[in-house]
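J.: Line by line, the protein sequences give chains A and B.
The letter at position 156 of the first sequence is residue 156 when you use the working numbering, and the numbering goes up by one with no holes.
The letter at position 41 of the second sequence is residue 41 when you use the working numbering, and the numbering goes up by one with no holes.
No lab work stands behind these hints: they were computed from the structure.
A hint or two may mislead.
Stated by the list, open to error - When the alpha-carbon atoms are kept at most 20 Å apart in a straight line, the in silico DMTMM-like pairs for lysine to aspartate or glutamate are as follows: (1) A:195 <-> B:170; (2) A:202 <-> A:155; (3) A:202 <-> B:206; (4) B:195 <-> A:268; (5) A:11 <-> A:39; (6) A:135 <-> A:153; (7) A:163 <-> A:147; (8) B:34 <-> B:73; (9) A:135 <-> A:155; (10) A:195 <-> A:207; (11) B:80 <-> B:104; (12) A:162 <-> A:207; (13) B:202 <-> B:153; (14) B:195 <-> A:90; (15) B:202 <-> A:206; (16) B:277 <-> A:155; (17) B:162 <-> B:147; (18) A:135 <-> A:170; (19) B:195 <-> A:206; (20) A:135 <-> A:123; (21) A:202 <-> A:90; (22) B:135 <-> B:170; (23) B:277 <-> B:253; (24) A:195 <-> B:206; (25) A:195 <-> B:18; (26) A:80 <-> A:90; (27) B:80 <-> B:38; (28) A:195 <-> A:153; (29) A:277 <-> B:170.
Just so we're clear, the structure is a prediction, and the values are computed from it rather than from any experiment.
Number of protein chains: 2
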Amino acid sequence: MTVTVVSSATKEVRIGFDQPFVIIGERINPTGRKILAEEMKNGDYSRVEADALAQVLAGAHMLDVNAGIPLADEPAILAKAIQLVQSVTDVPISIDSSIVAALESGLAVYQGKALVNSVTGEDDRLETVLPLVAKYNAAVVAISNDETGISEDPDVRFAVAKKIVERAADYGIPHSDVVVDPLVMPIGAINSAGKQVMHIVKRLREELHVNTTCGASNVSFGLPNRNGINAAFLTMAISSGMTSAITSPLHAEVMQAVMGANVMMGHDPNCANWIKKYREPSADGEERGARAGRKRRRRSA
Amino acid sequence: MTVTVVSSATKEVRIGFDQPFVIIGERINPTGRKILAEEMKNGDYSRVEADALAQVLAGAHMLDVNAGIPLADEPAILAKAIQLVQSVTDVPISIDSSIVAALESGLAVYQGKALVNSVTGEDDRLETVLPLVAKYNAAVVAISNDETGISEDPDVRFAVAKKIVERAADYGIPHSDVVVDPLVMPIGAINSAGKQVMHIVKRLREELHVNTTCGASNVSFGLPNRNGINAAFLTMAISSGMTSAITSPLHAEVMQAVMGANVMMGHDPNCANWIKKYREPSADGEERGARAGRKRRRRSA
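In isolation and in its complexed conformation, chain A is listed as follows (with noise of 0.2 Å):
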């Protein structure tokens, strides 16, 4: 039953096999967003900070924060975002470079048990990002692709996976505190994308006893109504034991999946917080009741 604990200054977040799925903010990005880049690289986060508050509102347990602008100070940077991201929510947060003088300052910033976002199974990577997250006493997000590129048959995946498990162990970081993204592929591209990643993740849990992410959305890249697709590939990646993903919360159908499928694997106690969120408007009945009676009275004056 391996769980992976991360931390802000105030609270822990636990992604493990009996947990709740957990859901890893990815709106604080820079790629693509050209305005959020100029703003980021001019020392303006006031749109950090209302996608940080909107992700947590809209049910991120996690954020993930990234500052990867060209030609841009990046380790400066993703430290501010950080700090600021910390000053208005209380979630942990996944540092997220490819640059390890990023990671590192971003790091040196943290409060609390942060999740290194990310390392691949390239010698050099594993030699300067482990000691590095090793350090910090922090997890580490391992993504299944080395110098060979992303392989297509999910075995070799599934080793490169257990090259970063192993070479972690050296440094001293427990296999608990690994998180395996075993890499989602576009499922119009890949018709077994699907297939690939549930049989990897069973893999993963049975013989690493890792906890496992992904970022969700790329399995629905370049078709339509990408939400469905979305919606129905977390449903099946968490039937087959995955534990958290980088994913939009902002998606209310997403969402909805992801709480639907806790219900389904029994962790959602009682149905709570499926009830607590859907629950019927008859349920306020008696308020809406004394709304209208107001109403009423209004009129008849």
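Given the coordinates of chain A, work out where chain B should sit on it, guided by the hints.
T.: This is chain B only, laid out in the frame that chain A set:
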């Protein structure tokens, strides 16, 4: 790779491990529908016809037909309803009754290979229903309860299903013509109901090599936003190997979940059905442009 083939006079439907999920429309059922019951009793089948057409239009691959009306001549009404439905649609029918004489009168008029709904595990039911199924070369839904009622233990329900499959074989009915309903409990009352179904469906598939079906909407009994729960349930059931369900195709959310699950399972080659159904407006942008052009011309005239 078990395949259950059912048919009308002109159309075949295949329920199978490697087939798209089969939706059996549940609407033609007077239980709890007073007006429909009254009409059917008085020989008015206009609503039966409308329900048949609407469900096929919404994507039902088969239709369940039930005529369970208290104090009415169920064998005669069921036969009439089946003849009517077969005259207006070409989808195969699930002949639904708890009265053996009604099943027989339905089978006697049916054109094609029907699905008999249903037989349970009691000896007297097995001894009366299975010979009929064999005589008419039909397939049959096997419901996994018996004289002891419905067990909360999915492994007991599995044992009842196994008994029915074995008894069917004694009558010359192959396991490929037995579609097992593992019985879906309301998850609001039994929080493990979702995992139970996934467990038993896997056993039914791997050990008995049978197709499966269920009354899907039972899972959400008593909860708000039932379609959301039904969608999550069906997606998970399909990923566990369930191959059909008796449900309403009139809920867009539920049909989307089934179509998305077909994509995820690799049962919608090139996502063709998904794309056809959800294609973005831009796909017919030329036509829209042409229309807009006409409008402009009209304005300038």
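J.: Tell me, which hint numbers fail for this structure?
T.: The structure conflicts with hints 1, 5, 6, 9, 14, 16, 21, 29, although it agrees with all the remaining ones.
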